[in-house]
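Asker: Dock chain C against chain W, hints included.
Number of protein chains: 2
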Amino acid sequence: MTHNKINFGIMLHGAGGHMNSWRHPSVPADASVNIAYNVDLAKRAEAEGLAFVFVADGLYINEKSIPHFLNRFEPLTLLSFLAAHTSKIGLGGTVSTSYSDPFTVARQFASLDLLSGGRAAWNIVTTPLEGTAKNYGRPHPDHTLRYEIASEYIDVVKGLWSSWEEDAFVRNRETGQFFDPKKMHRVNHHGKFFTVEGPLNIQRSPQGEPVIFQAGASESGIHFASKYAEAVFTHIQDIEGAKNYAKHVKDGAVAHGRSLNDVKIFPGINPIVGRTKDEAEEKFRAIRNLVNIEDALAYLGRYFDHHDFAQYDLDKPFPELGDIGKNSFRSTSDRIKQEAKEKGLTLREVALNETTQHGDFIGSYDEVTNRIIEWFDKGAADGFILTMQVSGQGFDDFSTEILPRLEERGYFDRKLHHNTLRENLGLAIPSNRYAEKQQIVAA
Amino acid sequence: MTHNKINFGIMLHGAGGHMNSWRHPSVPADASVNIAYNVDLAKRAEAEGLAFVFVADGLYINEKSIPHFLNRFEPLTLLSFLAAHTSKIGLGGTVSTSYSDPFTVARQFASLDLLSGGRAAWNIVTTPLEGTAKNYGRPHPDHTLRYEIASEYIDVVKGLWSSWEEDAFVRNRETGQFFDPKKMHRVNHHGKFFTVEGPLNIQRSPQGEPVIFQAGASESGIHFASKYAEAVFTHIQDIEGAKNYAKHVKDGAVAHGRSLNDVKIFPGINPIVGRTKDEAEEKFRAIRNLVNIEDALAYLGRYFDHHDFAQYDLDKPFPELGDIGKNSFRSTSDRIKQEAKEKGLTLREVALNETTQHGDFIGSYDEVTNRIIEWFDKGAADGFILTMQVSGQGFDDFSTEILPRLEERGYFDRKLHHNTLRENLGLAIPSNRYAEKQQIVAA
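Just so you know, the sequences run in chain order W and C.
Here the first sequence is numbered in full-length UniProt numbering, starting from 1 and rising by one per residue.
Here the second sequence is numbered in full-length UniProt numbering, starting from 1 and rising by one per residue.
Isolated chain W, as found in the complex (with noise of 0.2 Å):
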């Protein structure tokens, strides 16, 4: 049973989460589209017992974007790959609402997920890079207005995964019967966005639908997140704040007639950890040291609508704004300003802290072990998505000494129990929409 224990999940970002992990020598520097590197990482995470391997995504790049985003495999193709490769581990990848077609990617999850034997996650993101807008040919939509989207979209998709009851094909060789036609809805959506009537092509999987993941920090993101999804990634580094959006994100989920169950909070954590605490400082730094000031600043200007930081002098205090960065990674591009202002920060601060981040996780194998059961003893975390700042040391060193005494200690099984996403998560499985109607009509 998965109950009171830890879940993880890991994402696959090439060398790694940080900038410059290609020139980090545990990893192939071509990671992003190395094959083999990410079947490995996969088949090692599913035999450490993780539940999930996580594909994020973005849909434009330029000259200023960090390397492994230049250059890596599309997420359905590659979890559809690595689906073959493993029979246990969580596929989950990131397809925004604002730049797709819901038929489309309702159908490409469901047969990710039926082909996985019900592994499969959708993380919802609504694309905050306007810059997508050039390779989509339209307007890019502000940020309410890609919730509103967002919201449309996903009750389309999940009415189209409900298509077809469990028992709708009938394939009866005697009778010529193929399928029933009572078991088979059609979601005959008329909305703002989308006009979809269905049905779907495929019908469900053993977790009945694809799980649904999601990572909005916004206020319009959290009010989603309590609403849709199932897993909520938050980049909270500190427990306080992990507990109250925790809270938050749960509360909200009850009043949207949730359960609690219903809802699990995934911090994002990018563990680097030593024999001492002293061995683990020296690996981030060896880590940061990677990085130039240059390629820092650049990415800085990720967050900031590609705004140019190379206009200021690097150590003045981080420059005034305004509204720039409003419309983009809002809720990052409002931290970093706020966090600028309250220590005192230099632009070169700045721009390395955002390269490197330190978090609250490096630290000595105890500490950092300790650390994650606090936070999860404390309803900060249900789990954690390891961000490895180096995909290569990062995951080799959290599998041989953090997951260990975390089993040691009951709060971990180094063993999938369960073939299914829902079950290693402990998410029950969604009630097909239309099948229920019926069950309260005959009632």
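Treat the hints with care, since some could be wrong.
Unchecked claim - Result set (BS3-like, lysine-lysine): computed pairs, CA atoms no more than 30 Å apart in a straight line:
#1 182(C) to 134(W)
#2 343(C) to 277(C)
#3 183(W) to 134(C)
#4 64(W) to 158(C)
#5 182(W) to 158(C)
#6 183(C) to 134(W)
#7 134(C) to 227(W)
#8 326(W) to 64(W)
Unchecked claim - Covered stretches of chain W, as calculated for chain C (at least 3 residues, CB under 8 Å):
#9 98-110
#10 135-146
#11 178-185
#12 195-208
The set of hints was computed from the structure by calculation and includes no laboratory data.
Beta carbons: idealized from backbone N, C-alpha and C, even for Gly.
Answerer: Chain C in isolation, oriented as in the chain W frame:
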């Protein structure tokens, strides 16, 4: 080497091309969603030396759809899964240019191509089924407009596939240089239907770009095929017709400045073979007997805008339909009307004929082997796509009886010699659109 040899592909379409193939004892009834069955068939096809598997697609179903269309895997996810289970066979799939975004589709095929080591092919369809519009909330473009959209679409996609030159990713850990900005290119497309800046966020594969498949049969379709397609499917069932078609397409290719070797003709055939012609005909009748007349009429309606044929007398001449069917599967509906008139067929005969195609490839092992060689030698085909009526028996017989005969006569190698689809089909690697320009400038 593959010259002078016949290439084969096989369609993965569940239990088979026959509408009631799921009732045949030689295949699982749920073949279209049975992943183990699909893996097994792809592996067997690879072991036998077939050049590719191919997944057709559709984006709209209703109660009258043929059974395996109701519930099937989505092509890109299925092919990515199969990529992991195979190492040499090509992986072709259908995606519509009328109901998708070029940036997304360019990426997904490039990703499949890269993770499979250079084995992807994109079958371009413009989507004849009008009902599709109901699942995508936009008007269904008419025949001419669909091809106009498709031409601009493929131009954008091929531009995106040239985003990165082969040696663009330097990944020099010492200097910190990840890529050479001079070898990154933007398509910067501003057209009638699409606006796409680029670059694409994934590199080229070992075969350069995915192979372009196409199956247009109308004049606009043939024009499109001549200009862009590298492997062209045709449903023509007589050798003279196929020969004329091949000449027509290849002449067109030359007129577009391409070489005769740049486009390969693949008639779709569904051989049914036996020790004698009688045994083959008996197998044919067993398949035809799987269908009842109500299903046959509903299926026929699919080619005529879902026209209700149940209103007519079954044993009277095929009804006058006027313009019905003009905007859907035009070439098929025209053929059906013409054949009915020429041969004086009743509605019952037309309907049954359409459920179970007879064609030129039913006969004894030697007859069918000879027929295949004749088509190839006379220039009616560079290869064939096997669209088996019943995948189980059909491919069992073909691989056991026909392929060894073809091999014995020097027309086929039961072994793939190369790791990329282009090499196995004898197609050149396309030049990078932008790198080529630089060479001209430098010359």
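Asker: Just pull the numbers of the violated hints for me, sorted ascending.
Answerer: Hint 5 alone not satisfied by this model.
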